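Chains as they are written, first to last, in the working numbering: chain A, 41 to 269; chain B, 41 to 269; chain C, 41 to 269; chain D, 41 to 269.
Keep in mind that the hints were calculated from the coordinates and are not lab data.
Treat the numbers as computed from the prediction; the structure is a model and nothing was measured.
One thing to keep in mind: the hints can contain errors.
Copies of one chain are not kept apart here, so a pair can be met inside one copy or by any two copies together.
The calculated lysine to any residue pairs, modelled on SDA-like cross-linking and capped at a C-alpha distance of 25 Å, are [said to hold, decoys possible]:
(1) Lys111 / Glu177
(2) Lys268 / Tyr88
(3) Lys44 / Ser84
(4) Lys44 / Ala196
There are 4 protein chains.
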Amino acid sequence: MLEKLKEDVFRANLDLVRHGLVMMTFGNVSRFERSSGLMVIKPSGVSYNEMTVNDMVVTDLSGSVIEGALKPSTDTRTYLALYQAFPGIGGVVYTHSTYATAWAQAGMAIPCLGTTHADYFHGPVPATRRLTAEETETDYEYNTGLLIAEVLGGAAPLTMPAVLVTSHAPFTWGETPAQAVHVAVILEEVARMATLTASIAPPGEIDKHLLDRHYLRKHSSGSYYGQKK
Amino acid sequence: MLEKLKEDVFRANLDLVRHGLVMMTFGNVSRFERSSGLMVIKPSGVSYNEMTVNDMVVTDLSGSVIEGALKPSTDTRTYLALYQAFPGIGGVVYTHSTYATAWAQAGMAIPCLGTTHADYFHGPVPATRRLTAEETETDYEYNTGLLIAEVLGGAAPLTMPAVLVTSHAPFTWGETPAQAVHVAVILEEVARMATLTASIAPPGEIDKHLLDRHYLRKHSSGSYYGQKK
Amino acid sequence: MLEKLKEDVFRANLDLVRHGLVMMTFGNVSRFERSSGLMVIKPSGVSYNEMTVNDMVVTDLSGSVIEGALKPSTDTRTYLALYQAFPGIGGVVYTHSTYATAWAQAGMAIPCLGTTHADYFHGPVPATRRLTAEETETDYEYNTGLLIAEVLGGAAPLTMPAVLVTSHAPFTWGETPAQAVHVAVILEEVARMATLTASIAPPGEIDKHLLDRHYLRKHSSGSYYGQKK
Amino acid sequence: MLEKLKEDVFRANLDLVRHGLVMMTFGNVSRFERSSGLMVIKPSGVSYNEMTVNDMVVTDLSGSVIEGALKPSTDTRTYLALYQAFPGIGGVVYTHSTYATAWAQAGMAIPCLGTTHADYFHGPVPATRRLTAEETETDYEYNTGLLIAEVLGGAAPLTMPAVLVTSHAPFTWGETPAQAVHVAVILEEVARMATLTASIAPPGEIDKHLLDRHYLRKHSSGSYYGQKK
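Make the full structure from the sequences, and use the hints.
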C-alpha cells in the first residue's frame, strides 16, 4: 500500500545523506496522507546504505504499525503531533545537521541576517523552550511535537517551515518530503552563514522592508521569482 | 543569436556550481555585448542540473526579453545597472557564497589582510550602505545596482572587481564571465581567510607598500607575474 | 594466527581514513582477545595506502611481538594499559581527529549540550590532567593509558567510551574495533557541534532528564531505539 | 637536464593540489641540487591542470634561466635565498593554504598546543616581522627569503621546517620536495587545530617534557617511531 509515498520517503531519506545532513542512522523523513490518515516513515536505527524502499513503515495516527516488518522511527509520535497541529503540511524532516543543531544546542533562534534567509523563512527561525522533566519522562516524543507547535504560535507553518528544538535538533516541513528536505538544506546553510556572521561582528538583523521584499517576491500572489507554473 | 555569449554564460554558471559557490538555484552569471547593447543571462529559478545552453535569455538594456522562452533572472535589472555604470566590464556574477555572504550580512568591508587579497583587490572589498525602504519598495533590483556603483565611488571597477551588498550577497565582475567567476572564487577564499584571521587576533591590515607591490606585480604595465601574452 | 581479528583491525583502520579521522600515518586501531591475552595492532608509521592485512602485528600483554615482521604502533603500551583497566572492552581507537583534538589541546571536557551527544555518552566526555615530567619521561605510553583510566574513575567504560588526553588526542573504545571506530566518528561530530555552539552563545548543558532519556532509550534494558536483535 | 628533479617538482606541485593546499595558480614547489647549484621550479602563473613536466624551469643561483621555455615562478629569488641560507635542505614549498595563511595574516606564531604539532615542529612555528617599505620596494622576493632566515635565527632548519611570512603566507622545506609537501600538509592541519583550540579556550601550551618526548621519539638517534630503515 502507499507505494508512491514509500518511494517519496525513501528517496527523501537518501537525499538527506547526499546533501550531507545526516550521518550514521541519524535523521528521518516522513510523509502523511490526509485522505487516509496514514503516515509513511523510515524504520528505526536502520543504516541508509542497507535500507530499501520496502523497509518503509506505514502507521496510523496513533502510531500503530499498519504495514511493515520493522519498527518505525523512535520519533514517530513527534511527526504525528506535527501532522495534527499543522493542517497544510505533508512531509516532515528531522536531522542533526551540524550548524542548525549548534543553534538548537545554544537554545537560540536564528536571526534573519540576510536575503538568503529571507528567501525561505519569513523572520527568525524560532527555538523552543526546554521540555520540563515531566514532559520528558511521559510521552517524550509526542511532547516534542507539541513543543514545536507551541513555539510557532499562530504563524502559518508554511511561512516558517522550520523550528529548532532546544538541546536537540532542527525539524523542517513542507507540502511534500522533497520540499521538507529542500528546507532542511537551506536551513543548514542559513545557520552556517549566521554562525560566521556572528563571528565577524555583532550582526544587525535585515530591515523589515527587505525581508518582506525577498520573502514575498518568492512566496506570494505577487511573486516574480522563477518560471510561471 | 549571440550563441558564443550564451555558451560563455552557460559554462560560467556551471563553473559556479563546480567551485561550490552556489546551491539550489542561487546565483547567476551574465554577459554584456557593448556593440549591440544586449545581455545574455541565466533564466530565473531554473536548476543547474536541468539547465541547457538554449535556456539562456537575451535582453536589451531595458530588461525586455529579445530571445528566449524563459523569464530572465530576477536580478536582471541589477546587472543592467552595473553594465551601464561600469563601462569596462563584460561579465557579472552574483552568488550567495558562504563566507563572502557572511561579511555582507555583517555589513562590513573585508579588510586587506594579506597578499592573497592584494593579488586581486587593490584595497578592502567595500560593503554598501543599507537600502532605504523607498529604494527597496520601488525598482529594488535596479537600485541594488546603483548602490553597488555608489560604494565604488570613483574607483576603476577592474581594480576593485567585487562589492558586498549589505544584508544580501557579493557581486563580482570582469571583462568576461570567466573572469568574474574567477574573482568570485578568490573573493570567497579571501573572505574565509579574513574570518579565520579575525578569530585568531584583531587583525592588522597589510602595509600599503606590500599591497601595492603585490597588486601591481600582477596588474600593471610593470607586471612581472605569469607568462608573456 | 588470529586471522579474523587481523581482518577486523585492518578494516577498522581503513574506516578511520574513509571517515576522514586520520591523515598521513596518524591514528590507530587495536583488538584484544581476552581468552588468549593477545592483541592485534597496526604497525608503527606505515602508510594506510600501502598497509596490508598481513602487516598487522600480534603482541602479548607485555607488548612483546608474538607474530609480525613489523614493529607495532608506538602506542602499543597505551592500548595494553586500557585493555587491562577496562575488562569489558575489545577494541580501542586513537585518532588526531581535528575537533576532538582541539578540545584535547584546550584540556577541556566536552560538555553535553544536546541529544546528539546524549545518545552516545552518558555525560561530558572527560579530559585528563596533564602528565607529570616524570610520567612523560618514564614509560610514557603506558602512563598515558593509566591517565585515561584515572579520569574515568569508577564509571563503566562502555557508558563513557571516550576520553580526551590533554595536550594530545582522543581515545575511544567498544566491544569491537568497529564499535570503537563508530564512537570515534560520533565523538568528532559532537566535538564539532560543541565548538560551534560555544561560538554562538555560552552554552547551557542539557537537562539531566533529557540526557537520561536519550542515553537510556538507546542503551538500557528499557531501550526502544532501533530494531530488536 | 635534471629530468629526475623535474619529475620530483612536477609531482610535488600536483600533490599540493591533491591535498587541497592550493587553488588557481597559487603556490609553488622547487628543488635544489647542491652539486650543480641548479634549481628546478614551477613556471609562473601556469594552471596546474595544463602544466606538464617539461614546463618545469631550471635556473642557476642568480635566478637566470638555464633551461625552459617559460618564465620561472615570481618567487624564484625567495627560494634561492632559502637554499643559500639553509644548507641542509633540498626542497621548498610555498602555499596560501587557508589556516596557515590566516595565522600569517594575524602575524602570530602558531603556539605548540599538542602532540600533533610536537611530532613535526620542535616548538612554535614562528611568524616573521613585517618587511620595511624599502625591503618591499627593492628586491622584494629575495628579501622575503632573508626575512625567513632571520626569524629562524640559529635554529636548525630541519627541526623547524616552516615559517609564516607575516601579511603573506607559509613556507615549508625539507630534504626533498616530497618532504616539504608533507610538512605543508601537516602545518595546515596544525594551524587548523590551533585556530579551533583558541576558539574553545585560551590555550595553554604543551609542557616542555611532552614536546621533547614527541619530537624526539620521531626525530633523534633515540627515535622509536616507525619502522627501521
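Hint by hint, where does the structure go against what was stated? Just the numbers, ascending. Violated: hint 4 alone.
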